[in-house]
Amino acid sequence: MSRGGPAATVIRSQRRASVQGLLLVTPALFALGALTLYPTLWVGWLSLQRRIPIFGVERFEGLGNFFFLATDPRFWKAAQVTLVFTAASVALELVGGVLVALALRGQRAGARVGLSFLLLAWALPSVVTAKLFEWLYNPAAGLVNFLLGGIALNWLGDPRLALPGLILADVWRTLPFVTVLCYARLLAIPVELYEAAQMDGAGAVATFTRITLPLLRRILLIAVLFRTLDALRSFDLMFVLTGGGPAGTTETLTVYAYRSLFQAVQLGLGSAVGVVVFALVMLVAWGYLRALRHEGLAA
Amino acid sequence: MGRAGLPRSLRDWAVLLALLAYATPFFWQLLTSLKPEAELMVLPPLFPSRLTWEHYRVVLGQSVMLRALVNSLGVGVITTVLALGLGIFGAYGIARYPIPGKALLLLLIVGGTAFPQIATVSPLYLLMRALSLRDTWLALILANTSFALPLVIWLLTGFLQEIPVGLEEAASVDGASRPRAFRWIVLPLLAPGLASASLLTFLFSWNEFLFAYTFTATEASRTVPVALALFPGVFEVPWGDIAAASILASIPPVALVVGLQRYLVRGLLSGALRE
Chain A
797 MSRGGPAATV
807 IRSQRRASVQ
817 GLLLVTPALF
827 ALGALTLYPT
837 LWVGWLSLQR
847 RIPIFGVERF
857 EGLGNFFFLA
867 TDPRFWKAAQ
877 VTLVFTAASV
887 ALELVGGVLV
897 ALALRGQRAG
907 ARVGLSFLLL
917 AWALPSVVTA
927 KLFEWLYNPA
937 AGLVNFLLGG
947 IALNWLGDPR
957 LALPGLILAD
967 VWRTLPFVTV
977 LCYARLLAIP
987 VELYEAAQMD
997 GAGAVATFTR
1007 ITLPLLRRIL
1017 LIAVLFRTLD
1027 ALRSFDLMFV
1037 LTGGGPAGTT
1047 ETLTVYAYRS
1057 LFQAVQLGLG
1067 SAVGVVVFAL
1077 VMLVAWGYLR
1087 ALRHEGLAA
Chain B
940 MGRAGLPRSL
950 RDWAVLLALL
960 AYATPFFWQL
970 LTSLKPEAEL
980 MVLPPLFPSR
990 LTWEHYRVVL
1000 GQSVMLRALV
1010 NSLGVGVITT
1020 VLALGLGIFG
1030 AYGIARYPIP
1040 GKALLLLLIV
1050 GGTAFPQIAT
1060 VSPLYLLMRA
1070 LSLRDTWLAL
1080 ILANTSFALP
1090 LVIWLLTGFL
1100 QEIPVGLEEA
1110 ASVDGASRPR
1120 AFRWIVLPLL
1130 APGLASASLL
1140 TFLFSWNEFL
1150 FAYTFTATEA
1160 SRTVPVALAL
1170 FPGVFEVPWG
1180 DIAAASILAS
1190 IPPVALVVGL
1200 QRYLVRGLLS
1210 GALRE
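From first to last, the protein sequence lines are chains A and B. Residue numbers for the first sequence follow the working numbering, so the first one is 797 and each next one is one higher. Residue numbers for the second sequence follow the working numbering, so the first one is 940 and each next one is one higher.
Just so you know, the hints here were simulated from the structure itself, not pulled from any lab data. Glycine included, every Cβ here is placed at the ideal spot set by N, Cα and C. A portion of the hints provided could be inaccurate.
[Claimed, not checked] Per the computed footprint, the stretches of chain A lying under chain B, defined by three or more beta-carbons under 8 Å from a beta-carbon of chain B, are: (1) 829-839; (2) 849-855; (3) 871-884; (4) 930-943; (5) 950-964; (6) 1037-1043; (7) 1056-1063.
Working from the sequences, and respecting the hints, build out all of it.
This is how it looks when you write it as C-alpha cells:
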C-alpha cells in the first residue's frame, strides 16, 4: 500500500479493470463500428443524394428521395405487400407453431427425430427453399397441383396466387422456429399443473386457454418480435421465387430497394428505401421491447 | 390433453408421420434429383421407374457448383473463426469487466442482430469497391461478420453469465492469473456455448444470399446460394439438375440439424430467451 489507503486502492483496481475490459472489447467494437455502424451512417447520407453513376449524376438532394417515395405508387404498393406478407406469415407461423409444439409435447418417443424433420425446413438456405417451392408450384408437373386433383393452376404466374404461394413457402420455412421456442417452454411446465387441472375436471380447451396459453404468453411475444423483424427484412425468398412478380404483386420494400440500387442503379433512391426498411425494423423492435418490459413488470 | 383415447404409441406414430410429411418439399426435391430426365415432367406416377445419379454427375461435372461449394465452405469457416475470435474476447469483457457505457454497447449489439442487410448493402458495396475487394472471399467474410459478430457476442455473453464468477475468483486466490483462469476454467465450461455460436454462425454464413449476390461477379467467389439462384438453363429449365444442386447445397445444414441438433437448439433458445 502506497499513498491513499484502501479506498484509493479499490478505485485504482476498478479503473484497471475497466481498462482491461475496454481492451478486450476494442477489437470487436472496431469491427462492429466499421462493418455495421459506419455503413448505417453512410446509407443515411446516401439516401439524401441523387446518385446515378451511369449518367455521372451525383449531388446532394436533401429529403428529395423521401418526397419522391411519398408520392410513388410503386413504393406504397411495395409497402403494402411487405405488411401483408409480414402480418400473414407471422400470424400463420404463430398458430401453426404452437399447434405443432403441443403435438410434439405429447410425444413419448421420437420427439428428437420429429424435431429433425422440422428443423430441416428451418435450416435450409432460403434460396434452396425458393427452388423447392418453385418446383412444387410448377403448373405442369408440380406436386401441389397434382395433390389438388390434377388442376393446372399457375401459382407463381397468377397475380392473385403468387403472394399466398410466397407466404406459404415462408411459413413452411420459419414455423419450426416458433415451434422450437414454444416446445422448450412447454417442457418446462410442471406436469403437476396439468394433473391438478384434470382432477378439477377441466377439459382440453379450458386447460389450454387457462394454463398453457398464459404460460406461453411471454415466449410467444418474443417469437413474434423475432419473426416480425425477420419477415420485414426478408429478401432472398421473394427475390428468387417470384422476383417480385407477377405485375409487382410480390415486390416487397426489400426487393424494390435492391432493384433500385443494383438494377436501375439509383444508389440514392435505393438507399432511401433501405433506410425506410431500417426505420421500420427499429420501430418494431423498440415497440416490442417496451411491450416486453411492461409484460415483465406485470408478470 | 385431447388425446381422445388414442393409444399412446399410435398417437406417437401419427405425429411422427405428420412431421415427416412436413418435410415433403425437401424429400420431393431429393426424389426429383434422382429421377431420369424423361420422367421429370410427367406426374403421375409419383415414383420413377428407376433412380439415377445422372443429375449429380452433370452438376458436379460443371465447375460452377463445385467451385461454389468450396467458396461457401471457405467463407463460412473463416467467417466463423473471425467472428468467434473477436466475439469471445468482447463477450468476456462485457460479462466480466466494469466497462463504461456497457448498456449502450449491449443495445448496439442487440440492434446489430436486427439490422436489415438491405440497408447496409449499398454502403458496403461502395466500400468493397473502394478497397478493390469485389469478387473476393474477403468481401464476403467481412460483410458476413457484420451480422455474425453481434450474434456471437450476444450468445457468448449469455453463456458466460451462466458460469459462476466464483470459479475464476477461487482460481485467482490460488494464484492463477486471469488469462490462465480463462483458459483452464472458463473455456472448458464455455465449450458447449462456443459450439452453439459457431454452428449458428456457419449456418447463417452458408445460407447468406444478399451480400454474396451483390459482391460477387464470377466463379472465383460465388457461393452456393448464388450459384443456385443463377443456375443456367439454356432453352428449358433443367429441373433435375437444379434439384441435384439444391440437395448438394443442403448437405451441411441437414448434417448440422441431424448430427448436432442439441447445440443448434440450445443456440436458438439462448439467443431468443434473453432480453
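Taking the hints in turn, this is what the structure says about them:
Only residues whose beta carbon comes within less than 8 Å of a beta carbon in chain B count, and the stretch 829-839 of chain A has 8; three or more means the coverage holds. Coverage of a stretch by a chain is defined here by at least three residues with a beta carbon nearer than 8 Å to that chain's beta carbons; for the stretch 849-855 of chain A and chain B the count is 0, and the condition is violated. Restraint check on the stretch 871-884 of chain A versus chain B: 0 residues with Cβ-Cβ distances below 8 Å, three needed, restraint violated. Counting residues of the stretch 930-943 of chain A whose CB falls under 8 Å from any CB of chain B gives 8; the rule of at least 3 is met.
Given as covered by chain B, the stretch 950-964 of chain A fails the check, having 0 residues with a CB less than 8 Å from a CB of that chain where 3 are the minimum. Coverage of the stretch 1037-1043 of chain A by chain B is violated in this model, with 0 residues showing a Cβ closer than 8 Å to a Cβ of that chain against a need of three. Counting residues of the stretch 1056-1063 of chain A whose CB lies closer than 8 Å to any CB of chain B gives 3, which reaches the minimum of 3, so the coverage claim holds.
Of the numbered hints stated above, those contradicted by the structure are hints 2, 3, 5 and 6, listed in ascending order.
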